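Asker: Next come the chains, spelled out residue by residue.
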Amino acid sequence: MIKIIVAEDDDVLGIAYKAKLSRAGFDLRLVGDGDEAIKTLAEFIPDIILLDLIMPIKDGFTALKEIKENSLWKDIPIIVASNLGQPEDIDRAMKLGAADYIIKSDFAFESLIEKINSVVSQHNVN
Amino acid sequence: MLQRFSTIRFKLIFSFLLIAFLSGVIGFFTINSTQDISNQLNAENLEISDSKQRILIVQKNIARIKLVSIGLTVGAVIFILITGLLISYWISRKITNFANIVQKLSLGNLGENLDVDSNDELGKLQDALNTIIDRLSQTYKYLGSKLRVKNLELEVRLEELERVNKSLSTSKKSMQDVLRQVEESNALLSIEKAKDDAILNNIGEGLIVADTNLRVIVLNRAGELMLGMKREEAVGKLVYEVYGLCDESGNIIEAKNRPLYKVLQTKQIVATSDFFMMRKDGVSFPILSTNSPILINEKIAGVISVFKDFSKEKQVDRMKTEFISLASHQLRTPLSGISWFTDMLIHGDAGAVNNEQLEFLQNIKKSTDRMVELVGFLLNISRIESGHITIELEPTDVKKMIEDVTADIQVSIKQKGQSLIINTDSKLPLVNLDQKLIRQVLMNFLTNSIKYTPKGGEINLTAYGQNNQLIVKVSDTGYGIPKAEQSKIFQKFYRGVNIVKIETHGTGLGLYLVKLIIEATGGKTGFESEENKGTTFWFSLPMTGMKSGEKEVALDTPSN
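So the sequences go chain by chain: A and B.
Numbered according to the numbering used here, the first sequence spans residues 1 to 126.
Numbered according to the numbering used here, the second sequence spans residues 1 to 560.
Honestly, the hints are just simulated from the structure, not real lab data.
This structure is a prediction, so every number in the text was calculated from the model and none was measured.
Every residue, glycine too, gets a C-beta built ideally from N, C-alpha and C.
Watch out, some of these pointers could steer you wrong.
What the hints assert, rightly or not - Cβ-Cβ distance ranges computed for the label pairs, FRET-style:
1. B:SER367 - A:ASP11: 18 to 26 Å
2. B:GLU359 - A:SER71: 48 to 56 Å
3. A:ILE57 - B:GLY351: 31 to 39 Å
4. B:LYS399 - A:SER71: 38 to 46 Å
5. A:ASP11 - B:LYS533: 34 to 42 Å
6. A:ILE57 - B:ILE199: 54 to 62 Å
7. A:ASP11 - B:ASP274: 38 to 46 Å
8. B:CYS246 - A:ILE57: 37 to 45 Å
9. A:ASN124 - B:VAL411: 55 to 63 Å
10. A:ILE57 - B:GLN469: 47 to 55 Å
11. A:ASN126 - B:ILE364: 35 to 43 Å
12. B:LYS399 - A:ASP11: 39 to 47 Å
13. A:ASN126 - B:LYS399: 29 to 37 Å
14. B:GLN415 - A:ASN124: 37 to 45 Å
Claimed, not checked - Now the stretches of chain A that chain B is said to cover, found in silico as 3 or more residues with beta-carbon under 8 Å:
15. 1 to 13
16. 33 to 43
17. 71 to 80
18. 86 to 100
Just chain B, same shape as in the assembly (with noise of 0.2 Å):
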């Protein structure tokens, strides 16, 4: 109920009840008096003498109205003055109060409340206000102390950023850096590639290289001339796909048995002399090749061919042997003419001679039978150098043939007065060995060691197996060969110094033809020797067999 009071509502509607009243108040008093007033003049029963006093009376009335209503009204309007001043005052100044704390908040202040003074409906707005204010305060309390976490946690980040920038400033430069010298390089790259591009290109030989799948990466310019295809074609297939090889009887090489194949299997160099590259275009040529493994650390990382057109080189190499094949056939004749010639001369098919006739007779053919030598010797080593020997191998009995050889050197043994000891084991089985070379061998051997030894000389021919081994040995006592000179002693032409004045006659040629002769067939030699005491001379052959049929024979090779 109280505050059924309180309110602005009850006050204002008071106040105006109170306003009411006090007109209605005024209003009663007027018209009473009025009434009065006029039941005073409205008497009937009027009588001059009553008709004074009741003027008196009247006049009494309308004074007595008259300043009771001066005094309601000036009452009245005062009253309601102070009345109406007071209200207003007082709402405007509760408004005026509002007003500023609202304006005081809008301007973003929150400290200020209100006070709460009353219960009426401003009061209500006022403590709605409060709690919105307070709200607000809180809020913003609230969201300040967010901000603050929040601006905390920001710097940090930013620190953290800033951190992160300048160590992203230092990788950038450090990469421009990098990038710089990843840029020189290129352009050093470049340089090398051209050069070596240019080297590549402008090299003679046909050059590829494949990968460890024997792709081919690389094909120089004489490569894309001797296979007739451009390199873009061949780079990415397989060295199969690209050129066929074949052997001179036309059998084509299998992939397992091609060099490169063969490199990547032995990581060694693997050289060829004897195949025919066959193109896709069905064009074929005999080439040399050299094909080797690119190592690296060890490991194998791709394969080289270098190789090159060799039609010309085999034809130049079957124009030499021709070439000496005749010239030995045409120098055969005339020599064999001054021999006949000379041999039926000394037989007295001319007639008698004398004896100093006889003996320029002998040396004539003394000198004959060295030129037929040569001949023959020179005959024998280009065709051997150019692979062109026929290994014929025949089961043989060695003890027979070192006989029948021995045989053949008997008169020059006797002539000298030197001593041959044969010492063949019996047990030796028949060897697969080709009896004209091995022949050429022996009597080689033991025509140097009748030669190299001094008269009443001894010489030792020994034949004997060990290890699947035919091991032939001949040993003398003669004047042997100098240490300084072992080293060459199985050199092209080359003959001791210690020797050449004894013996003024020898090719040199002798044992050039044994060693290439016995590694042609599979076989080793060798000696051993002391200057003044003798020497020995000792070859191997596998008893199994020689190498047969090989054409790949070793050219001429400054020797051990």
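Excised from the complex, chain A in its bound form (with noise of 0.2 Å):
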């Protein structure tokens, strides 16, 4: 069973995520901050993070460095799903460690299990 963290502070989003991930046999904690996601981090160690960008409290920005500079969370595999999508945003979460990008309006949702695994897999292999 893989374990995903989720962080989204669209609620409706997250209905969907959690409609979507929780039948497909994931385990998966929802949260609604950058903040709660460290917090979670701190007694649940997923498989793979899923990242929105903004979020009230911390950002996705924000957390991404901050779990990369962590030593016992920097091998995560991260995909930030965010609706900022211009290239310096892209470019600043690759380089901040992101392991795939995905623009939420442009994604089709019917692929998100498939992205999970593969980014998953890719990061086993590595």
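Got two chains here, each in a separate frame; can you build the complex from them with the hints?
Answerer: So this is what it looks like as structure tokens:
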């Protein structure tokens, strides 16, 4: 069972994530903020993190940086899922260590599982 | 000797000698007679008889003496009188004559000469006087003629002077006229100047006029406020001394890159929107400026810079971009929600759906997709318009890029039974371009061709190099663009009248975005079209690479 932390501040999207991922048999922890994601990491090490960027208290970039700087967590692959889609945003995320970047509004939701699986297996190979 | 005799002196001396002689004769005679008498009387041997005889002789002698004395006396008196009269008459005549002439002379009459009738002293005097008279006469004649000549000369001069005077008079009149005109002009000029000053000093923009050496000539009120100095401080100084310019990163713009300098060099208008004005007191702010040459008979006579504080506009611009960014992002989130749940329903995640439900859901998906596309366009457009788009160049394999893009649209092509023929020149080198942007352009051309070509139509994509340009063409056998619409096709939100009914959906933004992107990157774009025959859209990019990192992007302008 793949463990996953999803950080997403929008409640509707959160429900979508839950519907999709729980059904697919993921061990899902859904949090609404980067802050909470870090807190969750303290007692739950996932196989992959799905990270939104715009979040109220601690945004995705900051959380990403912190996670990658933490020796316990730096190896967890992180997919950034955001509606920010400009080259500079993608660039910044990738430079901070993200494994992939998806633009939510452009993303065909049914390929979410596929995407997650591919990133996890890619990571396991490395 | 004769001369001796003729002198007056001699004559006078002679006369007096004569008189003396006569007197002497008379005296002698008298003395003689008296002596005789005395002798007679003094005889010693006097006899009385003799005495009567002697008394008779004495009486005879005395009577003789008496007679002669009387005669001589009378004679002498007459003689002296006559001589005296003659002499005095003669002398006085001469002198009177002399005096007359001299008097006449004194009255200015030089005509008469004295008659020189003797060689004596008076004669000499007469001679001398005659000479004087002659000399005077000559002198007067000489002076007279000289005077006449001089008079003539003076008359000529006088005539000249009168002529000169007349012309001076005329000149004076005309000068007075001119003066009056000048005064009138001056008055008008003053009014015009006052008007100009009023205008210049009441416009909101700062205005600097400088000469061809870039020394400040004019600084208006608004300019004073913006520069933080009075015009007296600025006029006469070089523009560089009055204010500095730097770019957004704080790099100072050197003299030869200053807009006014460029205006001098090129005689063209130079507009800037990205410079910051650096005042002498250290304050700086962004300015929008238009710098123009002052041309008189095609020669540059000076330069004008009109500038305004752009801070507010920049701030508004920033706010706008941030707003659009934020709004687009905000819009995307609920759109993602709709899209995902629709996806899940379509996918059967919530249970099987019947055909009708599926159709409805697909329609929801379609609409949502269009909204997402629109939001994407708006975001891109607002970013390009505010110059925030970063152009990232990469050496690109054009063939591969085309393959990638066309892979995405295969589905739509199949759906309409159309065929896509791709022809990429294999000899094309790697071209420096921003893949993300150029993909958008390609995608737009292709999706337009698919949309506006009926079922079974043909689409051709060619890419090749020519004259150091990358040229990409997308042709279709579609509905074409009517001539009347061709000039508007690149306009924001414009959709051709002929296709609006056939294809109801379309944002009208695609081509506008294409134009913005291509032009921002130093390329060109265009099309050829014939209604109901087909359309070919093309773009070209310099092989040497697109313009990179440019922040100065054209704002929304009414297009070709």
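Asker: Hint by hint, say whether it matches the structure.
Answerer: Now for the hints, and whether the structure bears them out:
| no. | hint | result |
| --- | --- | --- |
| 1 | B:SER367 - A:ASP11: 18 to 26 Å | 23 Å, holds |
| 2 | B:GLU359 - A:SER71: 48 to 56 Å | 53 Å, holds |
| 3 | A:ILE57 - B:GLY351: 31 to 39 Å | 37 Å, holds |
| 4 | B:LYS399 - A:SER71: 38 to 46 Å | 45 Å, holds |
| 5 | A:ASP11 - B:LYS533: 34 to 42 Å | 53 Å, violated |
| 6 | A:ILE57 - B:ILE199: 54 to 62 Å | 57 Å, holds |
| 7 | A:ASP11 - B:ASP274: 38 to 46 Å | 43 Å, holds |
| 8 | B:CYS246 - A:ILE57: 37 to 45 Å | 38 Å, holds |
| 9 | A:ASN124 - B:VAL411: 55 to 63 Å | 32 Å, violated |
| 10 | A:ILE57 - B:GLN469: 47 to 55 Å | 52 Å, holds |
| 11 | A:ASN126 - B:ILE364: 35 to 43 Å | 40 Å, holds |
| 12 | B:LYS399 - A:ASP11: 39 to 47 Å | 46 Å, holds |
| 13 | A:ASN126 - B:LYS399: 29 to 37 Å | 31 Å, holds |
| 14 | B:GLN415 - A:ASN124: 37 to 45 Å | 38 Å, holds |
| 15 | 1 to 13 | holds (count 3) |
| 16 | 33 to 43 | violated (count 0) |
| 17 | 71 to 80 | violated (count 0) |
| 18 | 86 to 100 | holds (count 3) |
Of the numbered hints stated above, those contradicted by the structure are hints 5, 9, 16, 17, listed in ascending order.
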